[in-house]
Amino acid sequence: MLSHLLPERNIHFTQEKLTWQEAVTQVARPLVEAGDVTPEYVRAMLDSITAGGTYIDLGHGIALAHARPEHGVVRTGISMLRLGEPAPLLDLPEHAVDLYFCFAAADADAHMRAMASLARILSDAHTRQALRDAASAPEVVKLITEFEDSE
Amino acid sequence: MKFLAMCSTGLGSSFMVRMNIETVVRELGLQDVTVEHSDISSAGPDSADVFVVAKDLEDAVQGLGDVVVLNSIIDMDELRGAVKEAAARHGVA
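Chains as they are written, first to last, in UniProt numbering: chain Z, 1 to 151; chain H, 1 to 93.
Don't read these hints as lab results, they were simulated from the structure.
Remember, it's a predicted structure, so these values are computed and weren't measured experimentally.
Hints may be right or wrong, so weigh each one.
[To be verified] Simulated coverage check for chain H against chain Z, where a stretch passes if three residues somewhere in it have a Cβ under 8 angstroms from a Cβ of chain Z:
#, segment
1, 1-10
2, 31-43
3, 54-68
4, 83-92
Idealized CB from N, CA, C, for every residue including glycine.
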């Protein structure tokens, strides 16, 4: 369940004006601090975006930063960072992102189940908007829990 | 007919797109449709009838055949329209 992988401590909000590199580093911070991923994982995500990985932009101002499991994932986990203003990927205006998720999957199976849950939530227009409107970590967790309970 | 959702790793966004195509196929009640996902480098023209990628990977899929390019991979309205049109092109209803 996504609600188990994205606890309140992994959800942060900031009004700082960040570059996309800072946004990716900050969204991953709770996972690094908890030991879910190594600093190498953050480096791998930044490198992959630099190499043209703007496909992590899902649209609607949302990006899903991730790298491969072997690049430093210890335990499966997800984190979220909501920005006050967009930090466009590679500084490209067409990739304006103000809601960053960091996705760390320890293995393919964990990857599939959590990704499926996140995809359903983000692809539901109502939940997606509610997630963008949420102003606190408890609100985000409540939203996700309610969505998963309703399925 | 077969849809193949693709991304560069075959792990993340292609899986999301596959799930969403499956949802749309169910919604529309389309028969005899299969959906798979993979990375771009392992796909060839014979891998599927319709290839689906996000906008950023458009350049990487030239030559595969019937390619659908999505502006957003989580926009169900856009995907619904694209799947409907692709199904019609391939005579599936």
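Structure-based check of each hint:
no. : hint  : verdict
1   : 1-10  : holds (count 3)
2   : 31-43 : violated (count 0)
3   : 54-68 : holds (count 3)
4   : 83-92 : violated (count 0)
Going down the numbered hints, you'll see the structure goes against 2 and 4, while the others check out.
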